[in-house]
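Asker: The lines below spell out each chain.
2 protein chains.
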Amino acid sequence: MNPQNGYDVEDLTVGMTAEIAKTITDADIVLFAGVSTDVNAVHMDEEFGKTTMFGGRIAHGMLSASLLSAVLGNRLPGPGVIYMSQSLRFRAPVRPGDTVHAKVTVKEVLVDKGRVVLDTICTVGDKVVIDGEATLMPTSRKKREAAGK
Amino acid sequence: MNPQNGYDVEDLTVGMTAEIAKTITDADIVLFAGVSTDVNAVHMDEEFGKTTMFGGRIAHGMLSASLLSAVLGNRLPGPGVIYMSQSLRFRAPVRPGDTVHAKVTVKEVLVDKGRVVLDTICTVGDKVVIDGEATLMPTSRKKREAAGK
Numbered sequence: 001m002n003p004q005n006g007y008d009v010e011d012l013t014v015g016m017t018a019e020i021a022k023t024i025t026d027a028d029i030v031l032f033a034g035v036s037t038d039v040n041a042v043h044m045d046e047e048f049g050k051t052t053m054f055g056g057r058i059a060h061g062m063l064s065a066s067l068l069s070a071v072l073g074n075r076l077p078g079p080g081v082i083y084m085s086q087s088l089r090f091r092a093p094v095r096p097g098d099t100v101h102a103k104v105t106v107k108e109v110l111v112d113k114g115r116v117v118l119d120t121i122c123t124v125g126d127k128v129v130i131d132g133e134a135t136l137m138p139t140s141r142k143k144r145e146a147a148g149k
Numbered sequence: 001m002n003p004q005n006g007y008d009v010e011d012l013t014v015g016m017t018a019e020i021a022k023t024i025t026d027a028d029i030v031l032f033a034g035v036s037t038d039v040n041a042v043h044m045d046e047e048f049g050k051t052t053m054f055g056g057r058i059a060h061g062m063l064s065a066s067l068l069s070a071v072l073g074n075r076l077p078g079p080g081v082i083y084m085s086q087s088l089r090f091r092a093p094v095r096p097g098d099t100v101h102a103k104v105t106v107k108e109v110l111v112d113k114g115r116v117v118l119d120t121i122c123t124v125g126d127k128v129v130i131d132g133e134a135t136l137m138p139t140s141r142k143k144r145e146a147a148g149k
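Here the protein sequences come in this chain order: R and E.
Under my numbering, the first residue of the first sequence is numbered 1, with each subsequent residue one higher.
Under my numbering, the first residue of the second sequence is numbered 1, with each subsequent residue one higher.
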């Protein structure tokens, strides 16, 4: 572990996993609309939402994706890590009141390159709502020691 | 255009482009931390930020990415579109006070499949902070007319 309690790349092994869960409330949707400027009717207007294939308002896809960022940055690899890339497939809608579970699993550790690749998935109940993959640059104990820190 | 003022897939041509810009303030970072649960010190703690390679606090990468979602959902293709997938490469940090320009450009229109692929890029000044690609399912005039709507 690094001094911020995050994993060094040397600590990581394939199959390690971490998860957070959050209930997506109307407050989240309103705040996310303000922060993102995404005020699309499908997020804000229940009457309009009822006329769509979704049958009601849905949360912003990037709102659920932000939970993946949170579990990567706060749990695994955790503090000190640098986010390099993320792919996201939006598979199903998330509705106000749904509890999203964001789970990441180490898929590949490239110690020489100082990179880790994780499977990243969001679920609501048994349904996958987002899947994808993230690449990050964790801290390195070897580099820290070489720098005398 | 569809009844919500979004582009139908039949309206889209390669090279069409749209952009939004937003200044990322401390308020955005605090609200995004609450919504995402990502309270990593690099976003919240200026003293810690100063000890990192970034030299100070940085905004959440997904906060800038959310502006891409906004321009796709609100401008091009705009209302009625369904977000299928997004890739993101985080190329450089965004700091409180930076103005992020989120720009999308139509790269490929697959009318038969009802899909459009766009290049998606966020810049601060001349610097690319995020690049990637999005695939979406716009509304279709042909389908709407076939359904008698």
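To be clear, the hints were calculated from the coordinates, so they are not data collected in a lab.
Careful, some of the hints might be misleading.
Heads up, the list lumps identical chains together, so a pair's fine if it works in one copy or across two of them.
Claimed, not checked - List time: in silico DSBU-like cross-link candidates among lysine-lysine, alpha-carbon distance up to 30 Å:
hint: 1; residue 1: Lys142; residue 2: Lys22
hint: 2; residue 1: Lys113; residue 2: Lys22
hint: 3; residue 1: Lys143; residue 2: Lys22
hint: 4; residue 1: Lys113; residue 2: Lys143
hint: 5; residue 1: Lys113; residue 2: Lys127
Asker: Compare the structure with each hint and give your call.
Answerer: Results of checking the hints against the structure:
With identical chains, the CA atoms of Lys142 and Lys22 are never at most 30 Å apart, being 35 Å at best within one copy and 40 Å at best between copies. With identical chains, the CA atoms of Lys113 and Lys22 are never at most 30 Å apart, being 33 Å at best within one copy and 35 Å at best between copies. In the homo-oligomer, the alpha carbons of Lys143 and Lys22 never lie at most 30 Å apart, since the shortest distance is 35 Å inside one protomer and 37 Å across protomers. Taking CA atoms no more than 30 Å apart as the test, Lys113 paired with Lys143 passes inside one copy only; the shortest distance there is 12 Å, against 49 Å between copies.
When the C-alpha separation of Lys113 and Lys127 is checked against a cutoff of 30 Å, the pair qualifies only between copies, where the shortest distance is 25 Å, while the shortest distance within a copy is 34 Å.
Hint check: violations occur at hints 1, 2 and 3; the rest are consistent with the structure.
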